[in-house]
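Asker: Following the hints, complete the assembly by docking chain B onto the known chain A.
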Amino acid sequence: DTGVSQDPRHKITKRGQNVTFRCDPISEHNRLYWYRQTLGQGPEFLTYFQNEAQLEKSRLLSDRFSAERPKGSFSTLEIQRTEQGDSAMYLCASSPTGEAYNEQFFGPGTRLTVL
Amino acid sequence: AQTVTQSQPEMSVQEAETVTLSCTYDTSESNYYLFWYKQPPSRQMILVIRQEAYKQQNATENRFSVNFQKAAKSFSLKISDSQLGDTAMYFCALRGSQGNLIFGKGTKLSVKP
Chain A
1 DTGVSQDPRH
11 KITKRGQNVT
21 FRCDPISEHN
31 RLYWYRQTLG
41 QGPEFLTYFQ
51 NEAQLEKSRL
61 LSDRFSAERP
71 KGSFSTLEIQ
81 RTEQGDSAMY
91 LCASSPTGEA
101 YNEQFFGPGT
111 RLTVL
Chain B
1001 AQTVTQSQPE
1011 MSVQEAETVT
1021 LSCTYDTSES
1031 NYYLFWYKQP
1041 PSRQMILVIR
1051 QEAYKQQNAT
1061 ENRFSVNFQK
1071 AAKSFSLKIS
1081 DSQLGDTAMY
1091 FCALRGSQGN
1101 LIFGKGTKLS
1111 VKP
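Order-wise, the sequence lines are chains A and B. Under the numbering used here, the first residue of the first sequence carries the number 1, and numbering increases by one thereafter. Under the numbering used here, the first residue of the second sequence carries the number 1001, and numbering increases by one thereafter.
Looking at chain A on its own, in the form it has when it is part of the complex:
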């Protein structure tokens, strides 16, 4: 399977715990995006990477959130001291650069439940 993959698919945690999600983009894609989707809403942009550089962060990304993309390959999104309001689907998407980068390919998402 050469699509975008995310791990884990589901995560249940207690409030105050730290969690980390992983995204593996399509191998030749330079751009990687993180979105958050809450129930009944469309995805909201969190941050994106061009290769290993994190170029933009939404104001939704509080200081409890951190994202990395070492070596420009997979990416991780960590949430520290989780809160119930962090419960959501976390989506990763990747795209190539150049003209074709207008299409983003999405992973299946990681559903986080904070108890």
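Footprint (simulated), chain B over chain A, 3 or more residues, beta carbon under 8 Å:
1. 31 to 41
2. 47 to 57
3. 107 to 113
The set of hints was computed from the structure by calculation and includes no laboratory data. All C-beta atoms in this analysis are idealised placements derived from N, C-alpha and C, irrespective of residue type, glycine included.
Answerer: Just chain B, lined up with the frame of chain A:
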């Protein structure tokens, strides 16, 4: 600010019939890209169709077509010959200045046999 509005939370259509989903947007960019994405139940989001604002001709992909009205900032999706597999959430999206997508709240489409 760039915004996308979908005013139809839910719609239903009989199999083989045609349905149109509405979307309006706001942007100050002179050139931009619009998209419709489909999110089937418990499955990942996939691109249905896209439109570049500088192109006058409406995009078409098989049974899917758009009605792009640039002056009205309207971008509706028409699905012809609806199939059961079209049942999904449909999101209208605008490409932001950083390449990120700005999504509407979605329309839940149910295709009934």
